[in-house]
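**Student:** Listed below are the residues making up each chain.
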Amino acid sequence: MINRKNIPNDNCDMADALLPQFVAGELSARQTWQLEKHLTSCRDCSLKVEQLRQTIGLLQNCTKLDTSDDFMAKLHARIDAVDASAEDFKSSEQRTSFRDIFKRIGSVRRVPGLPIGVALGVAAVLMISLIPGIRPSQSAANAYQPDAHTSTVVEAQLAQTAADPLGDAAADQLVVHQDSSTLDNSNP
Amino acid sequence: MVAVGNIMHADFALVQRAKAQDRAAFNEIVLRYKSKVYNYIFRQVGSASDAEDLTQETFVRAYLSINSFQSRASLNTWLFRIATNLCIDQGRKNQRTRSFLAPPVREDEDSVDQDIPDSSFDPQILALNSELGVKLEAALRSLPEKLRTVILLYDVEGLSYDEISGILDCPLGTIKSRIFNARSALREKLAPYLQSVV
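In order, the protein sequence lines correspond to chains H and V.
For reference, each letter of the first sequence is one residue, going 1 to 188 in my numbering.
For reference, each letter of the second sequence is one residue, going 189 to 386 in my numbering.
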């Protein structure tokens, strides 16, 4: 055993802190010289240096272990599985648009009462289109062509005026009423 | 230096081929580095089956992200970075599992005075066939994760301070300090066994 009483130099604590750097050759020239001077007279610190060097030697010569025999086979299987899942992912990306549509439908279904509203709306449109005389396409055409409608009416009025320049249907009716009242009044 | 340059040149060529979907080139990369990665991971996690699984996971991740590998770093460093991240994740998982069974264990750089656990039951450790080797493996396992990582990368795997600094995203000074602390801690743990050898 090492007897600390035999150590003439009492800088062991300081030396102990510097030993790892000393072994790694990381100390300055002055620090190295001071420590070496201490080591020549301190067996305890010299032993620590020797132990440190031995520890490093053990680490650098650690037994090299190897993987199991089927390591490569297992790795290939894993990589193949990864490749296959990557392919699946690519094809699923192509199907994304369809999936999105279905998802949207699914999310719409969650709104309460909306399907009933949509169904009623569709039924109303169908009923309107089935009523005779109402042609949505024609009325829509008229709605979108107000000038054409106006010109048709104006043309009809012009034609009637040309045929009977003095004609006035309302006035004729008035005359008829007046005549009848006159006749009625003429009767005693 | 010439040998290292040749290795890096060969690695670069393999990586370029692997990026072009050459499976044979990727196989060559695996064959070159699987033992180094496995040894590192095994000493981090302490279990042969976990180490093998994580080594495979390292290469699967490398395979998936080979296109993002920048040739500025060495392939060696890049693989150790992936492996280190996986080991850290595994350590966290194990810690969470342990926390259900036992009170939490303090895991910081200063808490290096833990007893050396008995790892002699592990068949891979037994295969080391040396009492001192068994004690060294156990001492490594008892180190805090941060110290263990740097000592394994520096002394066992032979990486430089700069490479380790890049892997761990830590300043150079921190890496050096951790290496010195780890060596001192290991020396203390192994002292009773080393004295008989000296």
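In case anyone wonders, no lab produced these hints; they're calculated from the structure.
There could be a bad hint or two in this list.
With a cut-off of at most 27 Å between alpha-carbon atoms, the simulated DSS-like pairs for lysine-lysine come out as follows [unchecked claim]:
id	chain 1	residue 1	chain 2	residue 2
1	V	334	V	364
2	H	74	V	364
3	H	74	V	224
Quick look at which bits of chain H chain V covers, simulated, 3 or more residues with Cβ under 8 Å [claimed, not checked]:
id	stretch
4	14-26
5	47-57
6	64-70
7	75-88
For every residue, glycine included, the Cβ atom is placed at its ideal position computed from N, Cα and C.
**Student:** Next, verify each hint and record whether it holds.
**Tutor:** Hint by hint, here is what the structure shows:
1. Straight-line distance between C-alpha atoms of residue 334/V and residue 364/V comes to about 12 Å, which keeps the hinted pair within the 27 Å bound.
2. At most 27 Å may separate the alpha-carbon atoms for a hinted pair to count; residue 74/H and residue 364/V exceed this at roughly 38 Å.
3. The suggested pairing of residue 74/H with residue 224/V holds, with an alpha-carbon distance near 18 Å, which does not exceed 27 Å.
4. Coverage of the stretch 14-26 of chain H by chain V holds [criterion: at least 3 residues with CB-CB distance below 8 Å; count 6].
5. Three residues within the 8 Å Cβ limit are the bar, and the stretch 47-57 of chain H against chain V gives 8, so the coverage statement holds.
6. Check result for the stretch 64-70 of chain H against chain V: holds, 5 residues qualifying (beta carbon to beta carbon below 8 Å, three or more required).
7. Beta-carbon proximity to chain V at under 8 Å applies to 4 residues in the stretch 75-88 of chain H; the threshold of 3 is reached and the given coverage holds.
This entry does not satisfy hint 2, going by the numbered hints stated previously; all others are met.
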